[in-house]
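So you can see what is in the structure, the chains are spelled out below.
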Amino acid sequence: MSTLTVGERSIALDKDGYLVELGDWSEEVASALAAHEDLELTAEHWEVLTLLRDFYQEFELSPATRPLIKYTALKLGAEKGNSLHLNRLFKGTPAKLAAKLAGLPKPTNCI
Amino acid sequence: MSTLHVICHSPFGDNRLSSCLRLLGSADGLLLCGDAVYALQPGSEPLRTLQASQLDGRLFALDEDLQARAITISDLGKAIDYPAFVELSLHYDKVNSWL
Amino acid sequence: MAKSLLIISRQAPWAGPSAREALDIALAGGAFDLPLGMLFLDDGVFQLAPGQQPAQLQQKNLAANLQALPMFGIEELFAAGSSLQERGLAADTLSLPVQVLDDAALAALIDRFDQVVTL
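Protein chains in written order, with the working numbering: chain H, 1 to 111; chain P, 1001 to 1099; chain V, 2001 to 2119.
Just chain H, with the same shape it has in the complex (with noise of 0.2 Å):
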């Protein structure tokens, strides 16, 4: 356990660094969290963060890299819906790291 301070806040993180209320979530959260792991978000990253939340709106759970692939093809094209893709936003560990900076769980069935 640890926390993130961002602004007045005081967040609680999971060992791993995932927060352990979704609710704690805001883009404020998601950008010190990114800080954290020296990433700067870009309107990419926001739109797999965004399709993120909503995978986990639909589904209830954080997906491993092969369905987050096929949701990210489905919700914004076979350009963006690709390991090469993915894995260059988010330091070649999207499922774990875009999920982390979308307030979500850390996936399970991942390596």
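Just so you know, these hints were derived from the structure itself, not from any lab. We treat Cβ as the ideally placed atom computed from N, Cα and C, and that holds for glycine. Be aware that one or more of the hints could be misleading.
[What the hints assert, rightly or not] What the simulated footprint calls covered on chain V by chain H, stretch by stretch (three residues with Cβ under 8 Å from a Cβ of chain H suffice, anywhere in the stretch; the number is not a length):
#1 2054-2065
#2 2068-2077
[Unchecked claim] DSBU-like, lysine-lysine: derived pairs with alpha carbons at most 30 Å apart:
#3 V:K2003 x H:K106
#4 V:K2060 x H:K15
#5 H:K70 x H:K80
#6 H:K106 x H:K75
#7 H:K106 x H:K80
#8 V:K2003 x H:K70
#9 H:K75 x V:K2060
#10 H:K80 x H:K91
With chain H's structure known, arrange chains P and V on it following the hints.
Showing chains P and V alone in chain H's frame:
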């Protein structure tokens, strides 16, 4: 491809056996172990169902489970020990355990 | 070529761990690209009932999670017609796009897969 279906739950108050018989292929086998051997209880409904299911040469029960429960399998099927169980699972293409 | 696996899920969704376990096997296998099929049999068809609202149960939402199966590459989804009929569930109201099979087709389905497990 043939399947050996393995059931370990009593047929009384559980529908594994009836479901299994419903989807049993003509080359498939059925092995009863644990409380599933109660399906062979004389005078019972599950026994009548088994008798009507034309399982000649395809019905097996674990001997130690039969003995422990004072159940016999008669000529309806074959009582087998664990080594025979292993042989049986190799004889079929796959094993489906009804957990 | 990876061996194909048919998972037969035959327990109702909310009272015991079996339905969850069957789904977890399916999702884990799907994440690793294994050729999987899933058959809903007996009380397992209740997992597909429309309009389930388990929010107050303090469990993960199995009904919502099931919807992710196609995203995990598991599109071979089946339900036993006799199980649906016995329980008064209409095939066209189910929450997943399953193929409804009669008893003879169930035997053929099991035959087609390399491995099968029933939970």
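Any hints this thing doesn't respect? Which numbers, in order? Violated hints: none at all, because every hint is consistent with the structure.
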